[in-house]
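Chemist: Here's the letter readout for the chains.
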Amino acid sequence: MKKDIILCGVGGDGIVSVAKIISDAALNVNLYLKQSEIHGMSQRGGSVFSHLRLSDKPIFADVIPEGRADIILSSEPMEALRYLPFLGPEGCVITNSEPFVNIANYPELDKIMAEINKVGKRVVLNANELAKKCNARPNMVLLGAAVPYLGIGMDKLEEAIHHIFDRKGEAVVNANLDAIRAGFEATK
Amino acid sequence: MQKLLLLGDEAIAQAFIDAGGSAINSYPGTPSTQITEYVIKSKEAREKGVVANWCANEKTALEASIGVAYAGKRAMTCMKHVGLNVCGDPFMNAAIIGTKGVLIVVADDPSMFSSQDEQDSRYYGHWAMIPMLEPSNQQEAYDMVFYGYELSEQLGTPVLFRIPTRLAHSRAGVERRAPLAQNPISFPKDASSFVLLPANAKRLYRSLIDKQPAFELASSTSGNNRYYEGTDKSLGIVTSGIAFNYLMENFEDGNCPYPVVKITQYPLPSAMLGRLYDECAELLVLEDGQPFIEEQIKGCLNKGKKVMGRLDETIRRDGEMNAEKIAKALHREVPQGPAVPEVVTNRPPALCQGCPHIDSYNALNEVMAKYEHGKVFGDIGCYTLGFNLKAIDTTVCMGASITMAKGASEAGVFPSCAVIGDGTFGHSGMTGLLDCINEKANVVVMILDNDITAMTGGQPSSAHNKIRRICEGLGVAPEHIRDIIPLPKNHAENVRIIEEEVAYNGVSVIIPHRTCIVELKKHLGEKK
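So the sequences go chain by chain: A and B.
Residues in the first sequence are numbered from 1 upward in steps of one, following this note's numbering.
Residues in the second sequence are numbered from 189 upward in steps of one, following this note's numbering.
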């Protein structure tokens, strides 16, 4: 089993938290993992990414080589396109359809979606809408949408959410659980 | 033993606690910040009475560590690569003294994700003639902290511990060891060894030279440097630190057909490298950084076998190492995903919405627009992003805003303004301001006070709540220290105040004070 996952988005949108949850679950099922992320200058509202590698064998590099990713999981559509060179031949793009517009020259959404639609395997959903209903953040919905592709069971991810969010109280845990289930259901 | 999911930074921090570390003194800098932050937040460290401090700068931090070591205890100082420049003086001299029990952890930033250069700290270690460790993964990072302290105490030397961004900021499972107790207080056996008077220094420098064979013996026998047999001797490969992983990434289960020497400890093990050189037709040197090993193998004469690497650009000279670059160098197929569609635009980092710096820059920009040749000298921090607002003309190094503004003013630039954050002012702005006072320079210094060191994630700022008093103490006339609140509603007033100070011929300090918006949100969240 090997899953190379690019998680991407915009600084501050919580994409690194998603990486943490998957990592926590992966460690519990005794997978090897490496997860690299970006801090500092490159984080401030700019494009951010995290490389997450899971495997049942030891993993060498902390970053995924180009053309090898199994999943690109993006919190917004243009960022999904930015990391396409990493996508492997059988790879899947899972992205939020809602753009995050914090730059003046953000391209027309139609053009972005036209490019997304050229990707062979893709899952596109409005994570903002679903997240609002659950009172959670869109990143958790996206995590749910990715579950069928992760090779880690929903139950293990739910355990990880408990493990990471229990100290923040029951309401936060439940909102996050609702959100990943909503993402999972929406794309089943 | 329990397996923890840790960043490379955190693995080093946990190892520091477990290896009986007594005190960690550092200055924040990406990608090193999370080491000290982890110790500060660790309940376990607190219970053990471990001292964990953010200091004013890397020099004060490293000197504190030398003091800890003087008392016989294990110390650590962490910094980013350019921080090593700031503490170059204590660094070189800690080596002469032969300071025991000090690990200096330096996080280099190949590809400059969050830095102004990609200098390779191994040159510093080589220059200071001390052993260096360069782990290739999180587990090695953890284990090598233990080894580093043993080495430091046994051979009487500080040890430089080098990690790159990708190790600092990548997580993996790390197995812990049984914790060691802290050292009891003790003093140097030779009372003169910490007194670098020329007579002592000559003796100590000689002793550092005499220790070199022991340092190399340690490199050759510790097991940290390894020779991997290979069947295809048309090529021998040398890797340093994490470059080993990028090489092995290219082969199924890491079965590389070529002999490989994996380096994670310095000085270089010459016999091991000599064997590789003798057995193989050509060499390829793979380093995540500058061609440090490659230059030593090649020498300036470059006579003998072909040695490939960054010097001949077999691997591009700049930028971080990766598996793809190595695949290309080995003439292997490099997989490639779809190209980035043309429609994708850049999304550069920017100041946050509601950031106080935006209001400070808007006011400053309005004033500067009235002068044809006015210049604004910037500094290092979030506010460096003011370049995108066309608000600053320069960024060089920590503290250079004030001193460059002084130099430029003396060269005839008017108005000559400096913009520096509260954290950077505490780090290395104060001495420059003293220069301005002593020379009666005609400068306007804006000290953007957002209450914290924001760029690195909100560490306390050493000059917090003391900025006005520091400026007064240095000799700035109190009526030319102006407090303003950078908010849109105060824009007109702030513009007027900046104009008044530009008109004043002398040293003016303007302190726009408003809490960092990210920090404010954090606190609001905590109160909920």
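Any given hint might turn out to be false.
DEER-style ranges, computed between Cβ atoms [claimed, not checked]: (1) K558/B with K168/A: 34 to 40 Å; (2) V172/A with L384/B: 39 to 45 Å; (3) D671/B with E170/A: 44 to 50 Å.
Simulated pairs of lysine-lysine, BS3-like, Cα-Cα distance not exceeding 25 Å [what the hints assert, rightly or not]: (4) K20/A with K513/B; (5) K710/B with K168/A; (6) K168/A with K563/B; (7) K168/A with K677/B; (8) K231/B with K20/A; (9) K513/B with K563/B; (10) K57/A with K563/B; (11) K513/B with K3/A; (12) K3/A with K231/B.
Sample of chain A residues lacking proximity to chain B, with all beta carbon distances greater than 10 Å (derived) [stated by the list, open to error]: (13) F60; (14) E66; (15) N102; (16) K118; (17) E129; (18) K156.
For the record, the hints were derived by calculation from the structure and aren't laboratory data.
All figures in this text were calculated on a predicted structure; none of them were measured in a lab.
For each residue, glycine too, the CB sits at the ideal point set by N, CA and C.
Chemist: Now tell me, hint by hint, if it's right for this structure.
Modeler: Against the structure, the hints come out as follows:
no., hint, in the structure
1, K558/B with K168/A: 34 to 40 Å, "51 Å, violated"
2, V172/A with L384/B: 39 to 45 Å, "56 Å, violated"
3, D671/B with E170/A: 44 to 50 Å, "45 Å, holds"
4, K20/A with K513/B, "29 Å, violated"
5, K710/B with K168/A, "14 Å, holds"
6, K168/A with K563/B, "48 Å, violated"
7, K168/A with K677/B, "37 Å, violated"
8, K231/B with K20/A, "21 Å, holds"
9, K513/B with K563/B, "41 Å, violated"
10, K57/A with K563/B, "57 Å, violated"
11, K513/B with K3/A, "22 Å, holds"
12, K3/A with K231/B, "34 Å, violated"
13, F60, "4 Å, violated"
14, E66, "6 Å, violated"
15, N102, "7 Å, violated"
16, K118, "8 Å, violated"
17, E129, "23 Å, holds"
18, K156, "14 Å, holds"
In the structure shown, a violation is registered for the earlier hints numbered 1, 2, 4, 6, 7, 9, 10, 12, 13, 14, 15, 16, in ascending order.
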